[in-house]
Structure formats: C-alpha cells, structure tokens
Amino acid sequence: MLVSVVKIILSSVAGTLVSSLIGCLPALHVYNVAMLLIAFHAAVAKTAWGADPYIIMPFMMGLIVGWAVLNTVPAVFLGAPDESSMLMVLPTQKYLMQGRGYEAAMLSAVGALGGIACLLAFAPLLPRVLPVARAVLTPHLFWILVLILAYMVLSEFPRGGDYGDTRLARLFDAWKSLLAGLLTLVLSGWLGFILMRKSPIPADFAFSNIMPAFVGLFGIPWVIQNIISGTEIPRQYVPKSIDCNGFVAFRGISAGFMGGFFAAFFPIITGGIGGLLAGHATAQNDERSFIISQGASKLVYYVGAFMLFFVPMASITRGGLANMLRTMYVPHGIADYAMILAAMALGGCLSIFMLSVMSRIVIRLIQKIDYRYASYVTLLIMVGLVVGFTGLNGLGVMLVATAIGLIPVLFHSRRSNCMGILIIPVAIDMAGYGPAVAGFLGLT
Amino acid sequence: MTTPGNIQSPEGKGTVCPSCHRFVGVYDRCPYCGTGITKRIPLRTIRIAALVIAGAGMICLHIMAMYRDIPAKPIGEITPAMNFGYVSVKGRVNQPLRFYRDGDTISGVGFGVEDATGQLRVRAYRKVAETLYENGLVLRRGDTVKVAGTLRVVEGDNISMLLQVPAHLEVLETSDAQTVSLDELAEVEDDRSVRFSAAVSRIMFPNSERAPYRIALKDDTGTGSLVIWPNQFEEIKDRDQLMEGTLVKIRAAKSSYRNIPQLQIESPQDLVILAAVSADSMRDAAAGTVSTPVSLRDISSADMDSIVTVQAVVKQFSRPREGTRAPYVITLADSSGTELPLVFWSDAYEQLKSPDKIEPGAELTAHARVAEYRGRLQLALTDPAGLVVKKESAGTTGRQETEKEIKTIPDNKTDEISGTTQAGHREMPLARALKSPDGTKVTVTGIVERVIPSTSGSSAPNRVILKSEAGPVTVVCWEEAWSHIPEASRPVPGAEIQVSAAMATYRGNKQLRLLHSDNYALLTPGRSQGQSPGTMPLKDIGIAKLGLKVIVEGTVETISHPTSSRRPYTISITDGTTSVPVVMWEETWKSLTEKPVTGSTFRIRGTVNEYMGARQIRVSSGTFSGPSTGASRQRGGQASILPLSAVETTEPGTRITIQGEVSDVDKPSNDRAPYRITLKDGTDTVTMVLWKDTWEGLSAYARPQNGATLIVTGTVSEYKDTRQIRVDSTGNIERIK
Numbered sequence: 001m002l003v004s005v006v007k008i009i010l011s012s013v014a015g016t017l018v019s020s021l022i023g024c025l026p027a028l029h030v031y032n033v034a035m036l037l038i039a040f041h042a043a044v045a046k047t048a049w050g051a052d053p054y055i056i057m058p059f060m061m062g063l064i065v066g067w068a069v070l071n072t073v074p075a076v077f078l079g080a081p082d083e084s085s086m087l088m089v090l091p092t093q094k095y096l097m098q099g100r101g102y103e104a105a106m107l108s109a110v111g112a113l114g115g116i117a118c119l120l121a122f123a124p125l126l127p128r129v130l131p132v133a134r135a136v137l138t139p140h141l142f143w144i145l146v147l148i149l150a151y152m153v154l155s156e157f158p159r160g161g162d163y164g165d166t167r168l169a170r171l172f173d174a175w176k177s178l179l180a181g182l183l184t185l186v187l188s189g190w191l192g193f194i195l196m197r198k199s200p201i202p203a204d205f206a207f208s209n210i211m212p213a214f215v216g217l218f219g220i221p222w223v224i225q226n227i228i229s230g231t232e233i234p235r236q237y238v239p240k241s242i243d244c245n246g247f248v249a250f251r252g253i254s255a256g257f258m259g260g261f262f263a264a265f266f267p268i269i270t271g272g273i274g275g276l277l278a279g280h281a282t283a284q285n286d287e288r289s290f291i292i293s294q295g296a297s298k299l300v301y302y303v304g305a306f307m308l309f310f311v312p313m314a315s316i317t318r319g320g321l322a323n324m325l326r327t328m329y330v331p332h333g334i335a336d337y338a339m340i341l342a343a344m345a346l347g348g349c350l351s352i353f354m355l356s357v358m359s360r361i362v363i364r365l366i367q368k369i370d371y372r373y374a375s376y377v378t379l380l381i382m383v384g385l386v387v388g389f390t391g392l393n394g395l396g397v398m399l400v401a402t403a404i405g406l407i408p409v410l411f412h413s414r415r416s417n418c419m420g421i422l423i424i425p426v427a428i429d430m431a432g433y434g435p436a437v438a439g440f441l442g443l444t
Numbered sequence: 001m002t003t004p005g006n007i008q009s010p011e012g013k014g015t016v017c018p019s020c021h022r023f024v025g026v027y028d029r030c031p032y033c034g035t036g037i038t039k040r041i042p043l044r045t046i047r048i049a050a051l052v053i054a055g056a057g058m059i060c061l062h063i064m065a066m067y068r069d070i071p072a073k074p075i076g077e078i079t080p081a082m083n084f085g086y087v088s089v090k091g092r093v094n095q096p097l098r099f100y101r102d103g104d105t106i107s108g109v110g111f112g113v114e115d116a117t118g119q120l121r122v123r124a125y126r127k128v129a130e131t132l133y134e135n136g137l138v139l140r141r142g143d144t145v146k147v148a149g150t151l152r153v154v155e156g157d158n159i160s161m162l163l164q165v166p167a168h169l170e171v172l173e174t175s176d177a178q179t180v181s182l183d184e185l186a187e188v189e190d191d192r193s194v195r196f197s198a199a200v201s202r203i204m205f206p207n208s209e210r211a212p213y214r215i216a217l218k219d220d221t222g223t224g225s226l227v228i229w230p231n232q233f234e235e236i237k238d239r240d241q242l243m244e245g246t247l248v249k250i251r252a253a254k255s256s257y258r259n260i261p262q263l264q265i266e267s268p269q270d271l272v273i274l275a276a277v278s279a280d281s282m283r284d285a286a287a288g289t290v291s292t293p294v295s296l297r298d299i300s301s302a303d304m305d306s307i308v309t310v311q312a313v314v315k316q317f318s319r320p321r322e323g324t325r326a327p328y329v330i331t332l333a334d335s336s337g338t339e340l341p342l343v344f345w346s347d348a349y350e351q352l353k354s355p356d357k358i359e360p361g362a363e364l365t366a367h368a369r370v371a372e373y374r375g376r377l378q379l380a381l382t383d384p385a386g387l388v389v390k391k392e393s394a395g396t397t398g399r400q401e402t403e404k405e406i407k408t409i410p411d412n413k414t415d416e417i418s419g420t421t422q423a424g425h426r427e428m429p430l431a432r433a434l435k436s437p438d439g440t441k442v443t444v445t446g447i448v449e450r451v452i453p454s455t456s457g458s459s460a461p462n463r464v465i466l467k468s469e470a471g472p473v474t475v476v477c478w479e480e481a482w483s484h485i486p487e488a489s490r491p492v493p494g495a496e497i498q499v500s501a502a503m504a505t506y507r508g509n510k511q512l513r514l515l516h517s518d519n520y521a522l523l524t525p526g527r528s529q530g531q532s533p534g535t536m537p538l539k540d541i542g543i544a545k546l547g548l549k550v551i552v553e554g555t556v557e558t559i560s561h562p563t564s565s566r567r568p569y570t571i572s573i574t575d576g577t578t579s580v581p582v583v584m585w586e587e588t589w590k591s592l593t594e595k596p597v598t599g600s601t602f603r604i605r606g607t608v609n610e611y612m613g614a615r616q617i618r619v620s621s622g623t624f625s626g627p628s629t630g631a632s633r634q635r636g637g638q639a640s641i642l643p644l645s646a647v648e649t650t651e652p653g654t655r656i657t658i659q660g661e662v663s664d665v666d667k668p669s670n671d672r673a674p675y676r677i678t679l680k681d682g683t684d685t686v687t688m689v690l691w692k693d694t695w696e697g698l699s700a701y702a703r704p705q706n707g708a709t710l711i712v713t714g715t716v717s718e719y720k721d722t723r724q725i726r727v728d729s730t731g732n733i734e735r736i737k
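Protein chains in written order, with our numbering: chain A, 1 to 444; chain B, 1 to 737.
Derived from the structure by calculation, the hints contain no laboratory data.
Treat the hints with care, as some may be off.
Derived DSS-like pairs (lysine-lysine); straight-line CA-CA distance at most 30 Å [what the hints assert, rightly or not]:
#1 B:Lys539 - B:Lys590
#2 B:Lys692 - B:Lys595
#3 A:Lys7 - B:Lys692
#4 B:Lys73 - B:Lys127
#5 B:Lys435 - B:Lys467
#6 A:Lys7 - B:Lys667
Looking at chain A on its own, in the form it has when it is part of the complex:
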C-alpha cells in the first residue's frame, strides 16, 4: 500500500515537472509528448518494461495538470503581439506590454486553482450525475454541435470598414475577417474530413493522424507570428500582490468552470470554445475576470476531460490523453478515481508553484535573450515530431494546415474556427450524412 502511495506521489510530481518544461515551450502541445509514451508503451507492453498503471496514470495526470497551468507562460510572455495587432490581443498580452506579465500569469493561476477546487468539490457528485447526463444528452449531441458551430459563425460580426476608396472596398474591409473566419472553418472542416476518411498518414501511426494538422493549424502559425513579429518586450515587474478581489475571482472561476466543463463533457468542443460560450453567457467585461476565467476554463477542460475517464459507471472518454491512455489501460472503480483525484490535487498545487517559478525564470530570460530563439527551438521540435511520427506525408499535411492556420492570424479572425477540423466531420457523421458527403467528395 505504502509503495503504491509513494509511486502515485512520485509519478504525479514527475509528470508535473516534465510538463512544467514542456508547457514553457511555445506551441508544443502536451499531447505531442504523450504520443511518445504511447509509442514507447506499444513497443514494450508485452515485456518486463511494460509500464505499471500506478505509475503511468498519475504521471499522465501530472502531465496534463502541469501543462494546463504552465502553458500560461508562453501564452503571456512569448506570444507578444506586434503593433499591427495590438488592438486584437488578449488582455494577457496587454498586461505584458504594460510590464504586468507576471501578474497576468498569477491571475491565470488563480483561475487554475479555482478550477481544481471546483473539480474536487464536484467529484463526489459526478459518478451519480454523469451517467444520467450522458444517457440524456447523447441522442442530442448532433444538434448541440451544429448549434455551437452556428453560434461560432454567427457571433462574429463585421469589424473596421473605415478604410477604402469606395463603398465596396470599405464593405470588403469590414467583412474581410468574417469571410476569412468562414473560409478557415470550411477549409479546416474539409481537411478534417479527408484525414478521418482517407488520411495520407500511414495506418501504423494512425493514433497521430490528426497531430500534423493540429501542429499546422495552431502551433506553427503562433511560432511564425512570434518569429516575425520582432516585438520588444518592456521590463516586467514581479509584484507581491495582484489586482484582484473575491468577487472578480468568483466571477472568473465560475464562468471558466462552466465553459471548461462544458467543453470537457461534450465531445469535440475545446476549452477555447467553451470559454468563449461561458464568457458570452456571463457577459464578462472585466479583463481580470477574463484572464481568471481563461485559466480556469483551460484547466477544467484539459484536466476535467481526463478525469471524466476515471468516473465510475460513466464510461466517458474525452480528450486526446484519455483516448491515448485507453489503448493502454482502462480504469476500474472508485479506487482508481480516488487515485486520480489525489494526483490531480498534488499536481495542481505543484504546478501553481511552478508557474510562479517558471514565470520569473522566463522574465529573466526574455530580458537577456531574444525569445525568438525559443520559437526556433519549438519549431524544430514540432517539425521533428511530425516527420518522426508521420513521415513526409505528415509534413505535407502540416504545411497545408499551417497555411489554413495562418488565415485567422493574418486576417484577425477567430482561431477557434480551425476547430472545424473536428467539429464539421464529426457533426456530419453524427447526423448520418457522412457516407453521402464522402461519396460526393469521392472519398469512399
């Protein structure tokens, strides 16, 4: 028993520390690293090296908790916008340009901490509530997804319209970002349909089928943006307190938890979309609440989705990490559930501490070294992973996805439209039109 407890503690801590490093590299997703675990496990599962589930499961929880919290570091400190997109940037980046990047990171930590507390508080209810919720909602998933897709498109509105010599030019200026958003949605949906039906990725590495596309859609454009932006980051201050009170924290955490859990529970919906819906639902206009809610939403989405896999009687598999773990082990009963909650709490506490440490380190680094070097390193790692796992075909997919992922960056539309890669093909399949669409596209 004692050995098991020690194993759980050590592996949770190890997972959190590993993800503390991964999380600080811009655009490198924890799932990309987790794939290494799958590949390793597939190779050694039948040997004495086969991983012990009491190590692998808390390790993965530590990995996801750490990444969900520490990922704030590159988002705040390394995702600095250039002057052309200053008005579009997230509040965290505004904080950065005001020398308050550390404060923004800590506000996000408040949200993450609140998210962990909420997950722990709701954990005893989930085994009773989730099976019922799943039974009730499963038949309706299709139209809920379509509704969300429609909301994502319709909730964007024309911006600008002030430049242009003619009315038509000004109309185009106003609708440019909107059209770019729609184009991104359609192109990413098309790409998703191809990847899910007749993927060029070798079948032997099908578990990383979507990885080159995700790297291209979300990772590479961010890195390119960072490399070419050339922004000088002002001097950053490390205050002893943060500008926040209980009400602001409560508002942010509650909105973030709602959005994050919504995204965690519903398939395909991501934390960004969940956060967007929750933000609109709670009419947030306070930047502090917004940052806190984003911190909570991101954590609840990633960690909650993984945690749902362990909820007894629920049989819910959401998120990439749970799907990866499912190929190795399937949790059983309340003991595994309690174990994973313990790992979550432990990893959560450690990662909040690590966020403070890593934020200070990064602040020092970016003031001495050009942060673009980190972006170059990240770019190399990502390309290396894609080529290593999926070969040149994967590289081709990544390049096409990068071009699609650059559209929202260059036209200032929502990057969440790139999630069309999953939402559109899955919604079509759920509606039962998958075979017809595949036939129409010649993909049968």
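Could you slot chain B onto chain A? The hints should help.
For chain B alone, coordinates are given in the frame of chain A:
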C-alpha cells in the same frame, strides 16, 4: 505611440533612404538620390500566399486521398498505435450480423470478423445501420467479408471497427449450408450452417425480455431445438403464422448445448414459413380434411425440398423388416394415375394417429417434403400427426365393426365403470395387455410408479410408468394430450389411473400410447410428487386470480438488481418449464437473511399481480424463504444455465449462470489487472473477468485452462461497450470437463 513621422520598421529600413536619410514612404527607390530601398514583405503578400497555399494544398491533398487505397491489415497486426486509423480487413464472419432496434428505428448493427491472426467486432450506428438493414444485408458465420472502417483499440488487444460507409462492407463469399434432416444434426460439426424443412411441434415463448424463443421442430427423421432471439423473432416474416404444425424451411447454425445439438438462426430471413396452419386448415384438419392438396402428377424435381400436401389412395404399405433401419413406405396413387412413395421411419410411425387404418385402398392426406432417392422422386413425411386417413379401406372398416361388436364394452355398460372405458378398447389386466399385438386398443388400470415428464425443449412424450405383475409398463403421452389433462388430475406416484390406449413397440419394449386426454381417468389420487405441500404450480400463476396470496417454489433463474431506488429487484424463478418473475422492493431484499442466488431453489409467499400485461408475484417482507437445498451451486433445470449469447442481451448488474468452453486465458500484466478468460459455446464468445484473489483461491483443477468446460455464475457488466461477466467468488466457478 505611432505617428506619421516615425512610421518605419524597427531596424529603420524601408521608409527612410539609407543614403540621404530622407523619408521615402512606399517607394522602392529613393526619389531624391536614386538609392534602392530594402522593403519588408507586405502583409498582403503573406495573406495571399497563405490563401493560395491553403487552397492549392487542400486540392492536392484531396486528389491524393481520392486515389489512395484504404490500407489493408491482418487483424493480428493491429496495434494501439493504429487507434482511430481507417483500415480494411478481410476475414470470415465468426459472429453473425445482428441489428439492434430502438423502438421502431434501427439503432445499430454488429458482427464479428476473424482471420488467421485475430478477431475484431464491427459496429455501425444509425444511418449506416439503417442503410444496411434496408439493403437486406445478411451475414452468417463463415461468410467471407472485406470491411473498412475506423479502428478502436482499447487496452491493447480489444479491437473494434466502426463502419462509416455502407459500401465499405463487401460480402466476398457466402458460406454453404448443408441440407440435412434432423437426425443427421448430431453428425454436423458445430458452427456449420445447415438447411432443412421441418414442422413446428412446440413454441416456448421467452420468460423474460432477455431470453430467447425456443422452438421444438420435428421432421420425419427426428426432432430438433431452434433458438431465436426476440429481436430476430420480431423480424420474421408472417411470424404470426408460426404455431404448432406450421411447416418451416430453416437455415441455421448448428451448435451443441450440453452435448445436445442446438440450432440458431443467424438472420430472420433464415426462417421461411412454407405452410401455415391457418384457421381454415385447422378446422379442416379437425374435420379430417386438409386444404389445397396437390396432384401427384404435378410434383416434380423442381419442387425439391418444398413441403407439399397430398391426398391419395394407399396402393401398398410396406413395413420395414425387424432389425433393419429401412423406412416404412406407403405407395400412393391418385386420380392422375401417378404413383409416388411416401416414406417415414419408426419414430414417425409411432406418432401416427391411425397407423392401423393405413391399408391398401385407404385414402389419406399428408404433409411431406419432396425428396429424391437414387434418382427417383419420393415424398418424405414431415408431420406424422398430420397424416389423416380420410377414408378407410373396406377391409379395415369391416374388421373394426366386427371388433366393435365382439370386443368393446356395450355402450350401456360404460356408465357402470364411471365412463372411463372408451369405445373400441378392450379392458384387460396390464400383464395381459403386454401380450397383445401392436395396434390393439386396450383399457387398463394401474398404479403409477413414477412419472417422467417431457424434457423442456424436446418433443419427446411424457412417460407414466405403471406397476404390473409382469414388470413396469410405460404409458406414453404427448404434450397435446397431456396438456389437456387437468393439473389436479395428472398422474403422480401412487395414484391409480385408467387409460385407454393403443399397444405399440418402441425399441423392443411394449408400451401404451395415450393419444387423447379423454382416454385417461384418475381413479385414486396419489401422493404429491416434487411439489411441496400447499404450493401452487408456476404454470397456474398465469391464470391465477389477481391479488391471490400464493406459495410457489422454484429455482432462481436470474436476478435483476434495480437500476434506481424506484425499481424493484426482479427474480425469475422456474420449475423447468415455466418461469415467473418475482418482484420485491429494496427493504424486503435487505430483510432477507439469506439472499437468493442463481441456481438455488426458493420457496416464496407472495401476491399475484400484473405488470405490463404479465403476471408476477410480489413478495412482501419476510416471506421469501429458502434456499430449500441450501447450495448455491444447485441449479434446478436447464433454463437456469444460459447460453453465452444471452450475456450480450443481459442488463448489466444481472447475475446469471452460463456454461462455456475456455478458449483463451489472458493473465494480467500487473497486480491490478484481472484475469480475462474467454469462453465460447457456439452461440457466442464471452469474456469472464476474474480478479487475482479469486483466481488464487481456485484449486488447481478448477482454474480455467484452455479446453476446460466451466459453469460460471457471475454479474454481467459492460466494459468498453461489450458485455462481460464478472465472477467474484471461487464458489461460482465449476469445472465440469
């Protein structure tokens, strides 16, 4: 802040001439000194490039995908790294295709595929399943298919495939079905498909939603048992016409259940009703006529295997010589002048209603299958009970009338013996009756020594053994007659009965054949047999008055635990032939000092009530006693051990008993993983989960090994969308082979 005066790149390039340091704006060359100006790449260019690359790249990817073949993989080479991959596999169907319904709509479909390296389960849902259903797809064991879909790999070696396009399921080759008669079934290998025609002799309706229909069949060579699952039964065309006597053509997979051949249809289309027993035909049959007979001249080899009704005159009746396996042959002739032999074997002969009337000149009607023997057409009798002699030969009639005058008891004397002696029967002592020739109708009185009821699912008769000076005498009584004898009057050990029956010889032993309930009378009641005093037989629950307080006794078949606090425990008890649900609320369950387990025999006091149109017994507090045998391993009858295919349709949480042969033992790779034992029985393959402590508690002999046959009691659970059975106690595993 940015102002028009300082619009320039961070490096100072692009807007100011590096030679004369004057502002040059958007010019590529300085308008003042002519120096070339290095410009940054316009954002517009990057935007256009991104759009062009995205569009062109997508078109290239699409073309590549269109002309790319779906990769084919042997099942054994599928690894966790291939999770979510879209691949195709080619293999043999090892679990037939089954559609699942949600109300009136098709909600899913599933079947199993195996190749030389492994096996996987293929599933499809909603529209894909509906399309397959509309296409009338049938997949049976042994069919060869090529199927492509998305892989799901769970915990290393549990592989399934999601079929997303109906066209990605190709049937490459359908398996052959061997045409057999029912007596040849035992020689057919398990899992082989067979085709035959037979008559329905009995239909046993399921006693719960999860249980199958069981249909007893008979042809001129023997009997058989057919299993049909409710979802298949509901799809059978004209199923309303399926009743006793219906002639059916069946294609089924043969399996063995407790070493008894069992048949299972693999598709609802595999059961075709050839000749229904309509109300008219039943009336005709009662009147001694059968509708729509065909002329013998019209029967040709094109009718091979089809069932026909013929009406013809007996030209010759040849009985087999003693000690041979030759059939009885009736040469039939009709007005067309055509002659055809009608053949049947001794089993069928014993079921004939009027064998003594079959003589040259007699006119009869019969249901028979068109067959061929050594190149000549013949008719094989399919329904012995349906052979009706419409018009006896002159010789038979004259002889019978003479016998009636000489041997029967005068009508005016029948009242004196309480109406128990039937016209046409000679009353005689049992010992003397045994010396009478076959076909002699006798009336005998005797004391019942024991009663051997007909086995559930078989068409064998009930047997009543009477004591006599010459040794025990068997009276056989088929279900049609038996069921008409009132429950209270049925023979029990010690009872004195009188029967009017025909003498016959079966396997060298004389026996009396009781063909009608009117020919039976209970003279002196005997001691109760098997039934505890004061208990009501389960079969009477169906007609018992609602609200009646009853005591019943039976073997626990299944236990359904409630899925919510507003649902009761439901325990199905059986006496081997009838099952009755017993319901109780949680507080009653908790109050039981000894909880019922599958296989134990319980005595229950409760109230008869009705739920959803079906009778059940509601148990109130403290009235559930037992088990009367005390042993949880005891099983009252065959019904308590379910075939493995029942697991897939059993609600999780239900405790059931199954029997199967161990085909694989997967030992855990670590301390927290269970042993996974794969059981098979010809109807399905089921995983039994056994935790390490249970495994270690088993004796070396009881530990599952490949090839061992186990009887297992456990709880059905769902794991990775598949039902399995969890066994939590060493006492719930019994190795029988």
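Status of each hint after checking the structure:
1. For the given pair, B:Lys539 sits about 28 Å from B:Lys590 by alpha-carbon distance, which is consistent with the 30 Å threshold.
2. For the suggested pair B:Lys692 and B:Lys595, the alpha carbons sit about 25 Å apart, so the restraint of at most 30 Å is met.
3. For the suggested pair A:Lys7 and B:Lys692, the alpha carbons sit about 21 Å apart, so the restraint of at most 30 Å is met.
4. A distance of roughly 26 Å separates the Cα atoms of B:Lys73 and B:Lys127; the hinted pair therefore holds under the 30 Å criterion.
5. Only pairs whose Cα atoms come within 30 Å are accepted, and B:Lys435 paired with B:Lys467 is accepted, the gap being roughly 16 Å.
6. Distance restraint check for A:Lys7 and B:Lys667: the Cα-Cα separation of roughly 23 Å lies within the 30 Å cut-off, and the hinted pair is therefore satisfied.
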